[in-house]
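Number of protein chains: 2
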Amino acid sequence: MHFADTLAEAIDRCGAPACVGLDPVLEKIPQSSLDSTAREGGDDVEALGDFCIGVLSAVRDAGVTVVKPQSACFERHGAPGFVQLERVVAEAHRLGLLVILDAKRGDIGVSAQHYAAWVFDHLDAHAVTVSPYLGPDTLEPFVRDGRGMFVLVRTSNPESDTVQSPILADGRSIAELMADTVREIGDHRRGGRGLSDIGAVVGATKAAEAAALRRRMPDQFFLVPGFGAQGGTIDDVRRMMREGARTPGELGVVVNASRSVIYAPAHPGEPWQGAVRAAAESLVRELRELC
Amino acid sequence: MHFADTLAEAIDRCGAPACVGLDPVLEKIPQSSLDSTAREGGDDVEALGDFCIGVLSAVRDAGVTVVKPQSACFERHGAPGFVQLERVVAEAHRLGLLVILDAKRGDIGVSAQHYAAWVFDHLDAHAVTVSPYLGPDTLEPFVRDGRGMFVLVRTSNPESDTVQSPILADGRSIAELMADTVREIGDHRRGGRGLSDIGAVVGATKAAEAAALRRRMPDQFFLVPGFGAQGGTIDDVRRMMREGARTPGELGVVVNASRSVIYAPAHPGEPWQGAVRAAAESLVRELRELC
Chain B
1 MHFADTLAEA IDRCGAPACV GLDPVLEKIP QSSLDSTARE GGDDVEALGD FCIGVLSAVR
61 DAGVTVVKPQ SACFERHGAP GFVQLERVVA EAHRLGLLVI LDAKRGDIGV SAQHYAAWVF
121 DHLDAHAVTV SPYLGPDTLE PFVRDGRGMF VLVRTSNPES DTVQSPILAD GRSIAELMAD
181 TVREIGDHRR GGRGLSDIGA VVGATKAAEA AALRRRMPDQ FFLVPGFGAQ GGTIDDVRRM
241 MREGARTPGE LGVVVNASRS VIYAPAHPGE PWQGAVRAAA ESLVRELREL C
Chain D
1 MHFADTLAEA IDRCGAPACV GLDPVLEKIP QSSLDSTARE GGDDVEALGD FCIGVLSAVR
61 DAGVTVVKPQ SACFERHGAP GFVQLERVVA EAHRLGLLVI LDAKRGDIGV SAQHYAAWVF
121 DHLDAHAVTV SPYLGPDTLE PFVRDGRGMF VLVRTSNPES DTVQSPILAD GRSIAELMAD
181 TVREIGDHRR GGRGLSDIGA VVGATKAAEA AALRRRMPDQ FFLVPGFGAQ GGTIDDVRRM
241 MREGARTPGE LGVVVNASRS VIYAPAHPGE PWQGAVRAAA ESLVRELREL C
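Sequences listed follow chains B and D, in order. Going by this note's numbering, the residue at position 31 of the first sequence is 31; the numbering climbs one at a time, nothing skipped. Going by this note's numbering, the residue at position 200 of the second sequence is 200; the numbering climbs one at a time, nothing skipped.
Simulated from the structure, these hints should not be mistaken for laboratory data. Some clues are possibly wrong.
Note that identical chains are pooled: a pair holds if it fits in a single copy or bridges any two copies.
What the hints assert, rightly or not - Below, computed lysine to any residue pairings styled on SDA-like, alpha-carbon distance capped at 20 Å:
| hint | residue 1 | residue 2 |
| --- | --- | --- |
| 1 | K28 | P158 |
| 2 | K28 | L95 |
| 3 | K28 | A38 |
| 4 | K28 | H93 |
| 5 | K28 | A117 |
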């Protein structure tokens, strides 16, 4: 099945373009989750996996259908971290969740092929984020039938302007140059819903530029980080939406919240997964307003 | 010790700015190396590590002091690949070789911190390659006393022009914008030899632009891929060198060759490591002409 159709269908099932980011760090994991791992004889790195697996079932129960593991959180622990990432992706598959691996890889051809083999063949993620600085030929290895790629175009971090905002002699910003590149690579790769399987990362905090980017990428999925904890609002997302959508999945956005969901504080006596589920339900409810 | 001093000293010990890239792929590993792993009961992924460890001792015997493992080659195999990468870096340390991990990471602040923790604390590499599209704040986590970073500025792959060559309204190319960013981040971080620990990746095949990039980064180390198999020549490298160098280590370049060294064909009956050693000796001899 075409990735953009798979993603649109997942969003329709949820009723909102919601994605929950899995950014596990030991210092933030609820004590009761850490205790549970320790009781089973697990170590600190297993605690990351156990926590994420607990999050997966909580957000699935809230109706979320798309998750985005942040590879860096696992990789920092080396090989054992990789084992946990594999566990988490496998569990997401078991629960029927769509997995966008946030790995931001980008390397010359043969190395990009290695990374694509890791992401798609080894880990079996549905899609991956990639970094475009090396040029289109370094993105091509991630183009694969049935899989998706989100190219970094406009990011939500404070100093992204230094690199993404300068204006070219032809009037485009560097981000707009990237947007045009994304469109060129993927415009002929549309699924049944009219959306391409080559999408873009466009931060929610850059909404002022979002309408212009949407014009350049009318049928590309926007993966939108920066919602919630980083300050992006529902109105910011509205400016990124695709025209003519008949269902939530055709809005062409998938909005990610990480910390505000997975580290939602529990009331005294409430199980931590209850707080995560409630935060995910709240995210879904909020994003349903877009539809 | 300041990374740029460590690197300059390693180059001086070699007498040439030579780096050997470790890009192990199963299909290219000599049969006798594969057989040796199999005899020990090792699997395909261990064969990658065994081969690289054989390469390390061969190139060390040839006088090489700097190596660059390509992380993608190991990562494609998931956790077991990571274990082999750890083994290879540890063996490089044991042999006194300086390790530049070619990982091309680039992510927002907290994720970049995770990657830096992996590269420097977990793997203990001396330096890492990073991708700059997200902006300066995403490079800062890799800035660390005693360690080095090489920022992708101008790469040697065919379609790098699409992203790196467009001219900005202020007259600079995008690569030159990146060069200025590299200089700003690292210009105050110079070691005893006057070189910064924040360097740049500048492909040997882009030598026509190298002189302009050198003017913008007068005291930055250039990590130069694309030499040998990819077509870069000794004259191309010459255009990248720093002025006023008193020793090879102060030329401000470190030139990488991968495939032409590690897959050097052996004569019938010759051990494969002999061919690798001879190719590394030839690389060192060729690069000594720069000094």
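For each hint, the structure was consulted:
no., hint, verdict
1, K28 to P158, "neither (23 Å within a copy, 44 Å between copies)"
2, K28 to L95, "neither (24 Å within a copy, 39 Å between copies)"
3, K28 to A38, "within (16 Å within a copy, 44 Å between copies)"
4, K28 to H93, "neither (25 Å within a copy, 34 Å between copies)"
5, K28 to A117, "between (32 Å within a copy, 17 Å between copies)"
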